[in-house]
Amino acid sequence: MENELIAAVKKKLADMAKVEQTGFSDPAKAEAYFKEKEVILEDVFKICEALAKQYGDETEALKSTVKSLRDELKTKAAYPKELTRRELCYSIGKGIAAAWAGNQKALSELSFSPNLRADQNWTNPKDISWSVGKGWNMAVEKAALGDPMGVMTTSDQYLINPIYETELMTEAAKKSVMMPLVRHRPMAGPSIFLPQRDRGGVQLHWLTAYGQQLTGSKPQGAQRVELKAYTLAGYIPWYDEYEEDVFIDLGEMFIEEFMESYGQEFDRQCLLADDDPFTGAMEAANVTKVAIKGNSINDITWKDFRDAVLRVPKEERKDCAWFLNETVLHFITNIEDDNGRPIWRGPTEAMPGRLDLYPYHEVSIMPQMADIAADTPFAIFMNPKRIQHGNRKGIEIKKFDGTTESMEYGELFLRFRKRDGFLVTRPQGNMVILKTKAASGGGGGTP
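Here the sequence shown stands for residues 1051 to 1497, where the numbers follow the working numbering.
Read the hints as simulated data drawn from the structure, not as lab findings.
It is possible that part of the hints are untrue.
[To be verified] Here are the simulated EDC-like pairs of lysine to aspartate or glutamate, each with C-alpha atoms no more than 20 Å apart in a straight line:
1. 1339 with 1324
2. 1339 with 1306
3. 1435 with 1421
4. 1448 with 1307
5. 1449 with 1215
6. 1435 with 1299
7. 1224 with 1376
8. 1339 with 1470
9. 1278 with 1326
10. 1448 with 1299
11. 1339 with 1357
12. 1435 with 1307
13. 1225 with 1302
14. 1343 with 1324
15. 1443 with 1470
16. 1225 with 1325
17. 1225 with 1412
18. 1224 with 1310
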């Protein structure tokens, strides 16, 4: 329906045109015409003012709405909606059931892509396009994540939707101490080279005379260290009757199994692994080792912690924390300094726990009190950002039934695979391991 004000303007202008067409034969009529024209124009002017006011307000309101929508879109792009735990369990469970039964339609709807290549060259969904009737087009054009993957009969192992992978890693971080603390780096290939500088990479020199040669002013170059990624596989026991369960239960079971096993393995590779296949901080070369005064953990004192901390430069200490087993921490809570003050401060609502003024983290895989003998490392003081974690995208699932257990007990396995790399950087002078003294009474650590 036409706006009433606009209709009124049209009527006034039509009346004006009518007067001009009839004309006038005497001055009286001419005077009346011009007066009427002035009245018409005055009315039109008033109507235009009303239109400007009315539609100006509507325009401003529209502008405000558009701005609000833009801000909302920006917010959604910067902070995409996270799946709820129930939504994640349902989607993962449905994908597992589809992979187990070979339901290609469901896998395509969930954006699970078949993994068609070798272990070190997994399928990258971004390098695959697919069109009806033509099948796969490898590396022809970049297909957006989430596009249908087409015919999947050539593979029985599938990469889960990258969105679900992100959520899975978020859940796994709840079971890991180190995952939220270390530095994560995305990896597009099996290895990357990282620049590693020592403190003070720039050298300063004074010039004491005009024309003096600028010798030795070149900055200290960075060393290149290689971060490699290897494939980690895990096998979850599976039974045929699980296929009849609801998707949420299937997803919940997989997430719990994945979180528990992957979270602990992540901590082990960061801290304790000894070339298996990576080397953790406790086994890294050139780490400073400080022995306590006795060969038993019961001999530890507050001075042992102070001595260890002071081996790390001040600029590095501000980012460091202690990592030790909870049983060791429980024993330490009773240790006091020379002034009778406990060196342990429990966590409060706003502050983390402190051990001799520095934060600490309880790690269950670190040596327990009962296992700490003479000449045994049991705690480490370091900046966790010195540990680099290489994350190659892609979590693969596969039905695994070619086992002896399958033949004898009807037990099958759901295998998941992921690719990760770990590297401890610049341990020398930046990390200190606290250990018990050797039983012989000599050596075993830095006095």
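Proposed proximity, residue 1470 with residue 1443 (alpha carbon, max 20 Å): 9 Å, holds
Is residue 1339 within 20 Å of residue 1306, Cα to Cα? 37 Å, violated
Can you confirm whether the C-alpha distance between residue 1225 and residue 1325 stays at or below 20 Å? 23 Å, violated
Could you grab the alpha-carbon distance between residue 1278 and residue 1326 and see if it respects the 20 Å cut-off? 13 Å, holds
Does residue 1435 pair with residue 1307 here, judged by a C-alpha cut-off of 20 Å? Violated - the C-alpha atoms of residue 1307 and residue 1435 are around 27 Å apart, more than 20 Å.
Do the alpha carbons of residue 1225 and residue 1412 lie within 20 Å of each other, as the hint requires? Since the Cα atoms of residue 1225 and residue 1412 sit roughly 12 Å apart, the hinted pair holds (cutoff 20 Å).
Residue 1343 paired with residue 1324 [C-alpha distance capped at 20 Å]: 27 Å, violated
When you check the alpha-carbon spacing of residue 1435 and residue 1421, does it fall within 20 Å? 28 Å, violated
Given the hint that residue 1448 pairs with residue 1299, test it: the Cα-Cα distance must not exceed 20 Å. 18 Å, holds
Holds or violated: residue 1224 and residue 1376, Cα atoms, limit 20 Å. Distance of about 17 Å is within 20 Å: holds.
Taken at face value, is the distance from the CA of residue 1215 to the CA of residue 1449 at most 20 Å? Given pair residue 1449, residue 1215 holds - Cα atoms ~18 Å apart, limit 20 Å.
So if I understand the rule, the pair passes when the alpha-carbon distance is 20 Å or less; does residue 1339 with residue 1470 pass? 28 Å, violated
In the structure shown, a violation is registered for the earlier hints numbered 2, 3, 6, 8, 12, 14 and 16, in ascending order.
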